[in-house]
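S.K.: One letter stands for each residue in the lines below.
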Amino acid sequence: MTRVFPMVVMTIIATAPAIVIASTAGEKMEFSAQRGEKLWNREFTASGQPRSCATCHTSYPRLTGKHLRTGKLIKPMAPSVNPDRFTNQRKIEKWFKRNCKWTLGRVCTAQEKGDVLEFLKTL
Amino acid sequence: MKTVIFSTAALTLVGILGIGLQDVWSDDDDGMKMRSRGVAPVTDPLYKEECGSCHFAYPPGLLPAASWQRIMAGLDDHFGDNAELDTQAGLQITEYLTAYAADASGYRRSRAIMSSLRYSRTPPLRITETPYFRHEHREIPRRIINLPDVGSLSQCNACHRRAEKGSFSENEIWIKGIGRWDD
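Protein chains in written order, with the working numbering: chain A, 1 to 123; chain B, 1 to 183.
For the record, the hints were derived by calculation from the structure and aren't laboratory data. Keep in mind that this is a model prediction, so the values were computed, not measured. In this text, a Cβ means the ideal position worked out from N, Cα and C, and glycines have one as well. Possibly wrong hints are sitting among the right ones.
As the list claims (entries may be wrong) - Derived CB-CB ranges, DEER-like:
#: 1; chain 1: B; residue 1: 180; chain 2: A; residue 2: 46; range: 44 to 50 Å
#: 2; chain 1: B; residue 1: 169; chain 2: A; residue 2: 32; range: 52 to 58 Å
#: 3; chain 1: A; residue 1: 32; chain 2: B; residue 2: 135; range: 36 to 42 Å
#: 4; chain 1: A; residue 1: 106; chain 2: B; residue 2: 179; range: 23 to 29 Å
#: 5; chain 1: A; residue 1: 83; chain 2: B; residue 2: 52; range: 30 to 36 Å
Please model the complete structure; the sequences and the hints are all you need to start from.
M.R.: Right, here's the structure in full:
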């Protein structure tokens, strides 16, 4: 259900720095970097082992991360140091889908995704 | 056990028919440059991008089509990681992988892998599970695999310098911190 409008939301987030964004439903959605940061560091145990976004991406994602399982180095998530981030809508959706399921054990809501992106953009 | 049966069968075959099984199994590439073409290199840009951004883009000719289908059907738990793709990309990549799979390829290593799988009932999920792969890597000690720049036998290009070109010849091996490798 939450996946009905994120595509539109993400496009707007990726291209404009506005904090208040209109969803397709017509209501306004407000995103907060503080909420995003909290979610970023929150540990989930859906997989049986504690995992958070920060586990692989570090809690200060201007830094290079490292995948918990594979050891693959992950380029910084903050667009301020890695301008390639959030320039491709399909890529944003793909990775939110994969990583939310892997970390939280479910897909993320549009609100959660917007908050996290807001957080990453302020770094 | 299967390997033993297979080896015995293979040796018998060589003995009786005088077939040069060596063409397929040996690492000794000298003097047979024409046919030691390894495996077809990866060509598909979408596969390279989607799969190769996380791990070495394994040439499709290293597993049979049925293996690729199993792998692509289980991307939500891809060896412990979530590697889901959108439907369109998933279909397109599956098509590429199966079209160039080992059972559809005439390349030397592909034929060797298929030949080694002839007694296997289920299509393997890992290249490292195939009898041919295990045979070829049986002499590599744990300490080499555990080197920080290697890590596991799945990292083809950690040792095979021309893996990306589909070439896995023994004389091209170079291991960081060790150098050339000969077994």
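S.K.: Each hint: holds or not?
M.R.: Okay, the hints, checked on the actual structure:
Taking 44 to 50 Å as the suggested C-beta distance range, the pair residue 180 of chain B and residue 46 of chain A conforms, at roughly 46 Å. The hint said 52 to 58 Å for the Cβ distance between residue 169 of chain B and residue 32 of chain A, and at roughly 56 Å that hint holds. A hinted range of 36 to 42 Å for the beta carbons of residue 32 of chain A and residue 135 of chain B is inconsistent with their spacing of about 58 Å. For the hinted restraint 23 to 29 Å between residue 106 of chain A and residue 179 of chain B, the CB-CB distance of approximately 48 Å leaves it violated.
Residue 83 of chain A and residue 52 of chain B have their C-beta atoms about 22 Å apart, which leaves the hinted 30 to 36 Å range violated.
Checked against the numbered hints above, the structure violates hints 3, 4, 5; every other hint is satisfied.
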